[in-house]
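K.L.:
Here are the chains, one letter per residue:
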Amino acid sequence: MKIPVPKSLAHLRTRVRRWLKPPRRLHFSRGGWFFTGGSVMLGFAAVGTGNNLLFLLLGGMLGFITLSGFLSEQMVRNLEVRRRVPRATAGSPARIAYEIRNGNRRLSAYSIEAGEDGHEARGWVAAIPPGAHGVARAEHTWEHRGVYPLETIVLSTTFPFGLFVKERDRDVPGEAVVWPRADRPVREPRPSGERVRQAGEAYAGSAGARGEYRGLRPYRPGDDPRDVHWRTTARVGHPVVREYERDRSRALWLCLDLRAPDGDLAEDAVEIAAAVASAALKRGEAFGLATQDARVRPAGGAAQMERVLDLLARARFRPDAPWLEAPVPPAECVLVTAGTPLPGWGDVFAAVEGGR
Amino acid sequence: MSAAMLHRRLTAGMAFAALLAYAAGAGWSLDVLVSALGLTVAMVRLPPASWGPSIERATRIVIVALCLWMLYVAFVVVGDFMPAVMAMLLVLLGGEALRPLDAKNDGRLYLLAFALMIAATAYYPGLAFAAAFVAFVVLATLAMMVGSLRRQAERFDAPGVRVPRRTLGGAAALSAVTLLVSVAFFVIFPRLPRQWNVQGRGGTGDVMAGFGDGVSLGEHGGRLTPNPEVAFRVEFPDGDPVYPEATYWRGRSFDRFDGVRWTRTRGLPGQIYGSGYARRWGGPVRRTRIFGGPAGADVLFGQHPIISVEPRSAIRVRQEPTGDVLYFGSDAPVYTVTSGRELPPERLLATSPQDDSPLVSAYLQLPRLAPAVRALADSLTRGESSRVGKVRVMEAYLRTFEYSLDLPETRRDATIEGFLFRRRAGHCEYFSSAMVVMLRSVGIPARNVTGFLGGEWNDFGDYLAVTGNDAHSWVEVWFPTLGWVPFDPTPPSREALVNMQTGTGWSWPARFWFDGLEHRWYKWVLDYNLEKQLEVFRGIGDLFSRNRSDASPWSRGDRSGAPRVPPLVALAVALLVLGAGVMWIRRGRSGPRSAETRSYLALRRAYERARLGGAAGPMDFAERLERERAPGAAPAMELVRLYVRARFGGEDIGPAGRARMDQVLREARAALRAARRRPRSNDGPPPAGNSPEPSTDNADELRRRRGQEPAGV
Numbered sequence: 001m002k003i004p005v006p007k008s009l010a011h012l013r014t015r016v017r018r019w020l021k022p023p024r025r026l027h028f029s030r031g032g033w034f035f036t037g038g039s040v041m042l043g044f045a046a047v048g049t050g051n052n053l054l055f056l057l058l059g060g061m062l063g064f065i066t067l068s069g070f071l072s073e074q075m076v077r078n079l080e081v082r083r084r085v086p087r088a089t090a091g092s093p094a095r096i097a098y099e100i101r102n103g104n105r106r107l108s109a110y111s112i113e114a115g116e117d118g119h120e121a122r123g124w125v126a127a128i129p130p131g132a133h134g135v136a137r138a139e140h141t142w143e144h145r146g147v148y149p150l151e152t153i154v155l156s157t158t159f160p161f162g163l164f165v166k167e168r169d170r171d172v173p174g175e176a177v178v179w180p181r182a183d184r185p186v187r188e189p190r191p192s193g194e195r196v197r198q199a200g201e202a203y204a205g206s207a208g209a210r211g212e213y214r215g216l217r218p219y220r221p222g223d224d225p226r227d228v229h230w231r232t233t234a235r236v237g238h239p240v241v242r243e244y245e246r247d248r249s250r251a252l253w254l255c256l257d258l259r260a261p262d263g264d265l266a267e268d269a270v271e272i273a274a275a276v277a278s279a280a281l282k283r284g285e286a287f288g289l290a291t292q293d294a295r296v297r298p299a300g301g302a303a304q305m306e307r308v309l310d311l312l313a314r315a316r317f318r319p320d321a322p323w324l325e326a327p328v329p330p331a332e333c334v335l336v337t338a339g340t341p342l343p344g345w346g347d348v349f350a351a352v353e354g355g356r
Numbered sequence: 001m002s003a004a005m006l007h008r009r010l011t012a013g014m015a016f017a018a019l020l021a022y023a024a025g026a027g028w029s030l031d032v033l034v035s036a037l038g039l040t041v042a043m044v045r046l047p048p049a050s051w052g053p054s055i056e057r058a059t060r061i062v063i064v065a066l067c068l069w070m071l072y073v074a075f076v077v078v079g080d081f082m083p084a085v086m087a088m089l090l091v092l093l094g095g096e097a098l099r100p101l102d103a104k105n106d107g108r109l110y111l112l113a114f115a116l117m118i119a120a121t122a123y124y125p126g127l128a129f130a131a132a133f134v135a136f137v138v139l140a141t142l143a144m145m146v147g148s149l150r151r152q153a154e155r156f157d158a159p160g161v162r163v164p165r166r167t168l169g170g171a172a173a174l175s176a177v178t179l180l181v182s183v184a185f186f187v188i189f190p191r192l193p194r195q196w197n198v199q200g201r202g203g204t205g206d207v208m209a210g211f212g213d214g215v216s217l218g219e220h221g222g223r224l225t226p227n228p229e230v231a232f233r234v235e236f237p238d239g240d241p242v243y244p245e246a247t248y249w250r251g252r253s254f255d256r257f258d259g260v261r262w263t264r265t266r267g268l269p270g271q272i273y274g275s276g277y278a279r280r281w282g283g284p285v286r287r288t289r290i291f292g293g294p295a296g297a298d299v300l301f302g303q304h305p306i307i308s309v310e311p312r313s314a315i316r317v318r319q320e321p322t323g324d325v326l327y328f329g330s331d332a333p334v335y336t337v338t339s340g341r342e343l344p345p346e347r348l349l350a351t352s353p354q355d356d357s358p359l360v361s362a363y364l365q366l367p368r369l370a371p372a373v374r375a376l377a378d379s380l381t382r383g384e385s386s387r388v389g390k391v392r393v394m395e396a397y398l399r400t401f402e403y404s405l406d407l408p409e410t411r412r413d414a415t416i417e418g419f420l421f422r423r424r425a426g427h428c429e430y431f432s433s434a435m436v437v438m439l440r441s442v443g444i445p446a447r448n449v450t451g452f453l454g455g456e457w458n459d460f461g462d463y464l465a466v467t468g469n470d471a472h473s474w475v476e477v478w479f480p481t482l483g484w485v486p487f488d489p490t491p492p493s494r495e496a497l498v499n500m501q502t503g504t505g506w507s508w509p510a511r512f513w514f515d516g517l518e519h520r521w522y523k524w525v526l527d528y529n530l531e532k533q534l535e536v537f538r539g540i541g542d543l544f545s546r547n548r549s550d551a552s553p554w555s556r557g558d559r560s561g562a563p564r565v566p567p568l569v570a571l572a573v574a575l576l577v578l579g580a581g582v583m584w585i586r587r588g589r590s591g592p593r594s595a596e597t598r599s600y601l602a603l604r605r606a607y608e609r610a611r612l613g614g615a616a617g618p619m620d621f622a623e624r625l626e627r628e629r630a631p632g633a634a635p636a637m638e639l640v641r642l643y644v645r646a647r648f649g650g651e652d653i654g655p656a657g658r659a660r661m662d663q664v665l666r667e668a669r670a671a672l673r674a675a676r677r678r679p680r681s682n683d684g685p686p687p688a689g690n691s692p693e694p695s696t697d698n699a700d701e702l703r704r705r706r707g708q709e710p711a712g713v
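Sequence order for the protein chains is D and P.
Here the first sequence is numbered in our numbering, starting from 1 and rising by one per residue.
Here the second sequence is numbered in our numbering, starting from 1 and rising by one per residue.
Excised from the complex, chain P in its bound form:
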């Protein structure tokens, strides 16, 4: 295979890796598929060069169409025109890959692939990006290496150059160096505090039900479909819980029910929330660190009662008077939740008064219901005097029902009455809604709460992965002195059903391993920030400390204090590395060329840029400039004469001579610049001053000088 063909295939492969990275975040849309098709064809069998113009024409037509679309979206619809821009980029990528084997086309492919890679970073891609990035680096190493050899071969007219397979293997192995530097730089480069920057996060996906502005009961027919997608992951900094699968992750609360749909009333007056719970319930606090959130939900999750939420990514957090915690910002939510004890002490519940403030009257709203519902609630609570007793008896009653993922078959059955009196089976929304309705019918303020229950514990990373299957709904009941207390009327059979459902997704052992990797990816790469960086540095510093036994950089101990000063050994090593780096750079940048040679070479470069190079020796060069009346020929000749004296005549021209060389170099450059600004006409007189017609004296001088270049015998 020729170097040119190999170069094209590698470049197309590199672009394909960038495309995979992009698709990892943005998904496989039509434009991505078109680009993938073009790149695949370029890698497998490049079309004949005669097709080049047709392909180029077709690409241009599509680009123009996309351009018009972009303008329409930007100025007429006034919407997001980025999809059109990305489509243009992708079509260009596919089109360029199919163009003839020309090094310039490959150069454009480099640029487009790199632009696509940058675009991919904006979509908050998952672990697939990591794999695509590795492939991109390896293929880019090979493509750039082969490309460099190819360009050199073309420059020196050596078309038969082949790149041995062994060389390619070695270069691929060397790309590990690039990856290592990349990772080291990623870890070491100082991050700004997260308030200083705002990270974009694209990618929408389907919105997970239950965490928007409303929840509906009315669906009927069929069965709830499992959703094993991870909603968020939870770490427990204070130690692993005994049974994390029984933890409730509270999200949204709903106060208004119309018989089918739960909604929230905006601007409900303040109640107890935040630190008020810690004061009233007492007991130790619990901390959880949560990574991510369900798609499309702007709510944060935590164990009830949520006392405080500390964001750890570029988001802003607001806790509503209802206790719901919302966030703003396009970054993926990463936050630490501090919660109070799980439930208030039993004696406080039992002695809580029942005279409710008018502030919670909104939680007594009821839809139009069959009288049988209220009758049922009354009959259940007749023997109970305390509020907690009434709640418990209703909870116990509902737990005798059957948990089922099958949806009601008819609309009539998909109501609270249908659930309570006919089906006596349903999913968690029915249980919680029925309990709230019954509680309200006996005058107890209650609300419906959605969130998650449990999750899958992952030993490969020691965290809890909460999936869509764990979505749950339960009840919060108002106790005047204690606030909202959770109760769950859903029978325990739910757990077995959910486990069975999740098990099909999680039974594959590699899934745990993969999810652990993905968690690390999100935690240590996408959400790497100043705090984590300090944590890493502390860990490295600990490696040099004497007491290594407790010096694991990733131990989950409390390291919230100020970073420790690195020990002297680490400092010394850092200084040594820094010094070696400086020396290395100096070694690379220094050179033995004399000032005279540097000036002369600078002069030649200046004229080469003006396409006035080509002569072999210095005097040949200067004389050629004079012959061709090049701009600045006179100062150029003077510089060359000084150079020849110093370089070949063994003469020390001294600082004055060198200063003069610099000066005439500036003059020659100025003349070239002036000539560029004012192109010389073919029939007009030569520009005055810079390139005068050599006089007789000058010609004599020229002849005299010529003898100084070659050494006579």
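If we strip away everything but chain D, and leave its shape as in the complex, we get:
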């Protein structure tokens, strides 16, 4: 019969277990294996010969191991870490920045590595003075677009001698949003779906390109260099661009149909949509995106592209998705689909045709 354990006792047991098994680990490095193996062999030699100086040498080697254990523990003990995840593009390297704070008041933290648990990529910072911050940047490459959950950051060090790797886990929930590739060659949308008049959708006040002048704002990657306001840029010291009210008469509605099985075709469809949006951005046009799950209202500029790519990164294909509803009459939209294209759309990019 199982005896029920009182809650307080269970709590105590949990705490004791946690104390006995703290979130840190110890691994041997290659040099560590050699060093430890050498120590064992030296121990046999010392016992076998009774040569006291060999005992002294063996003691020295154990001293190195002890010092290594003590120092490495001090290195990773009081570290706090925050993660800054950039928007990544599938197949391209992205550097996650780990901002590490050394909470130790006396000792600097040396040779600290940071990375995601279960991932190979690691960033490294040589030294973090007591109470200061250091940044380690790890280069990750995701092959596919999507939203990758990030949970545990592994902080580790091989300091001081490189014999052992001491690791400590920090639970820092987060996610990495990986955009689809947008460099796939695609044709321009056909005239019927290329530039459509706004019908019913309210987008007054949204930022766009080459509309009525609205004001100035800091430059963002992807902005048209022709919009740089040089006089203000010279005054404030960083690039500033003119911002215009969007040209309401020229907006491209992209509709991505998620009603399809997940797979390579679906990924192709996402990449086609990203490439069409990217081409629109380059042409300085406003564009929007609609799926079964969410919509991005038409606008232009780099920020709009980010919004579209974010939505594409999160797009989830499933065969049981509801039918796609166009935000404007379908004849004024461009449909991107991984399945069989339906009639009635202004233009259709089918994944099976590779976006041609």
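Among these hints, one or two may not hold up.
[Stated by the list, open to error] Listed next, with one range per pair, are the computed distances between beta-carbon atoms: (1) D:Phe34 - P:Trp69: 24 to 34 angstroms; (2) P:Ser54 - D:Pro130: 39 to 49 angstroms; (3) D:Arg226 - P:Arg676: 18 to 28 angstroms; (4) D:Glu353 - P:Arg605: 37 to 47 angstroms; (5) D:Arg87 - P:Arg677: 40 to 50 angstroms; (6) D:Pro93 - P:Ala595: 42 to 52 angstroms; (7) P:Arg676 - D:Ala326: 53 to 63 angstroms; (8) D:Arg283 - P:Arg155: 22 to 32 angstroms; (9) D:Leu216 - P:Ala595: 56 to 66 angstroms; (10) D:Val40 - P:Arg155: 25 to 35 angstroms; (11) D:Val40 - P:Cys67: 21 to 31 angstroms.
These are calculated hints, taken from the structure and not from any lab test.
The beta carbon of each residue, even a glycine, is placed where N, CA and C say it ideally should be.
Use these hints to put chain P onto chain D, whose structure you have.
P.N.:
Below, chain P without anything else, positioned relative to chain D:
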């Protein structure tokens, strides 16, 4: 200074410390000097990298030459080839230090320096080893630390990393921890009884004259040179003697004299020795503990009569019928000598009979001598009837001669006749030889004995240091019921002369201090054994006992009994320390990773070793294996799928799932091993079973699974 350059300098410094430790025992030979030159250049100014190939070529040529030498010595001469091996090691060390700044070269330097350090321990080095060891530990701490930072910087492509001076200072201070652990381990690690192991002892040095198979008188011209080198050190466990400088340390006895040279006759029949003296002479016994011995001598020393010798290091002792005590073994001799009273009672000497056994007839042998010698002996002993009376009168006569360290100027003067009738001056060999010859000429068995007289008392350690200057020679006379009784015809002026001679070496006050340290080094480090360990433990146990007043761990009381059981407090402390250690180890070794994560990481490590890692996410990794048709891709995919379900899907896969993960992990590893054994050809078909071509179904499954890794919106 770049981290790489700093690393090289520190590594070369560490190797130099190892070289000093080696030279402390083996001496400064040519190969040591060559290695020292290479290391010094590496520390001061490393040659340009363009010189690297030339240096490497030159080193290889020398190594090959040394290798040939080694083979020649080993197989043609059939001699000791270790010098060639050591020369190779030393040349390699010097050559490696001069190679370009590459972390691999520094790694090799670590290995060579450590090997040299191990080799140094075989030479029974003196106190200089201790200093070199401390330097080695400090420099090794710094070198390994800088090396670790440097390798990490190179791995993460951060060449501009510098190591601040303050960090180096802190690390050097932390090396004290290593030294402390080293000493603690040295003291605590249980030693085996000394019969269980045989310690090697190298180092030869010059053989000290007088303790080999013969002693010669024939030298002439010049003067005896002083030799302040310590021959051995003596402790007195039963209490300090009143005048230790007057103690005779008997070594060898010689029975045959050809007029110039004393030799020993092998296989002389048994006489009185060992416990026979204690029975005949009576009186209390004296114990002395002796550390070391003169270089090259296989004889042990002690106060006459030696009753027993108890070895305290890995040597074997044999007492010959002549009473000489010899030892075998390569260890440094450390032993306790039990001796009887200094001289037999006077009444026993006076009443001793004079009818000698034929067994001692060998001690009546005489060389061809001038008749005047016998005439002199007869004239001196004419009025004495007892044997002791005759001996005493000859002893007194010779003591009227002059003691001199000046050697005779001519060969003619370097004889017994020259000493007795012309020079009437000489060193102790002349006095003892003349007395033996005269005694034998009147029918009294006598022999010449070599050993040491006195020594320098060192208050810094309470021991007697016996040096080469104290070497002495005297006479033993046979008394049928008492055995061999010592007499010394050398005049007392010898003592003043020896003191003056030794004084020049020992007058430097630090010399006493240094010798005290060296004595402790030999006693507590090189000759540390089970007995001393028990002594230390007893001392520590006494610290916890209530009666601390008599609890000095190094008091010289008799502690030969069984070790006391440590008190409960000490036991409790030991248990606490042990428990804390176990917990500490458990803390270090445990981790929060789930079984699923561990299996997944093990899989990744297996493929990284096969150079098949690199992908970021788990599914990326598994798909990449499938794309590249890696061995074991199918089980790897299954494992990853289970991992993703458990890790990101929040699903409990249960014990069956975990067991399945372990199984597919084994399968993947087996596939990798099989692939390693049978390399895949580029144009042949892929290996069957492990990495099948994904079928349409598999591709669908792949696409289906892909969606499980990233969480959709």
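K.L.:
That 22 to 32 angstroms hint for Arg283 (chain D) and Arg155 (chain P) (C-beta), does it hold up?
P.N.:
violated (45 angstroms)
K.L.:
Between Val40 (chain D) and Cys67 (chain P), is the Cβ distance one that fits in 21 to 31 angstroms?
P.N.:
Holds, since Val40 (chain D) and Cys67 (chain P) (Cβ atoms, about 30 angstroms apart) stay within the stated range.
K.L.:
So does Val40 (chain D) sit 25 to 35 angstroms from Arg155 (chain P), Cβ to Cβ?
P.N.:
holds (28 angstroms)
K.L.:
Would you say the C-beta atoms of Arg676 (chain P) and Ala326 (chain D) sit inside 53 to 63 angstroms of each other?
P.N.:
holds (57 angstroms)
K.L.:
At the C-beta level, are Leu216 (chain D) and Ala595 (chain P) separated by a distance inside 56 to 66 angstroms?
P.N.:
holds (58 angstroms)
K.L.:
Look at the Cβ atoms of Glu353 (chain D) and Arg605 (chain P) and judge whether their distance stays inside 37 to 47 angstroms.
P.N.:
holds (43 angstroms)
K.L.:
Taking the beta carbons of Phe34 (chain D) and Trp69 (chain P), is their distance inside 24 to 34 angstroms?
P.N.:
Given range 24 to 34 angstroms: holds, Cβ gap about 30 angstroms.
K.L.:
Using the beta carbons of Pro93 (chain D) and Ala595 (chain P), state whether their distance is inside 42 to 52 angstroms or not.
P.N.:
violated (32 angstroms)
K.L.:
Using the beta carbons of Ser54 (chain P) and Pro130 (chain D), state whether their distance is inside 39 to 49 angstroms or not.
P.N.:
holds (47 angstroms)
K.L.:
A range of 40 to 50 angstroms was offered for this pair. Does it hold for the Cβ distance of Arg87 (chain D) and Arg677 (chain P)?
P.N.:
Roughly 45 angstroms apart at Cβ, these two residues keep to the hinted range, so it holds.
K.L.:
Does the Cβ pair Arg226 (chain D), Arg676 (chain P) satisfy 18 to 28 angstroms?
P.N.:
About 60 angstroms separates the Cβ atoms of Arg226 (chain D) and Arg676 (chain P), which means 18 to 28 angstroms is violated.
Hint compliance for this structure: hints 3, 6, 8 are broken, all remaining hints hold.
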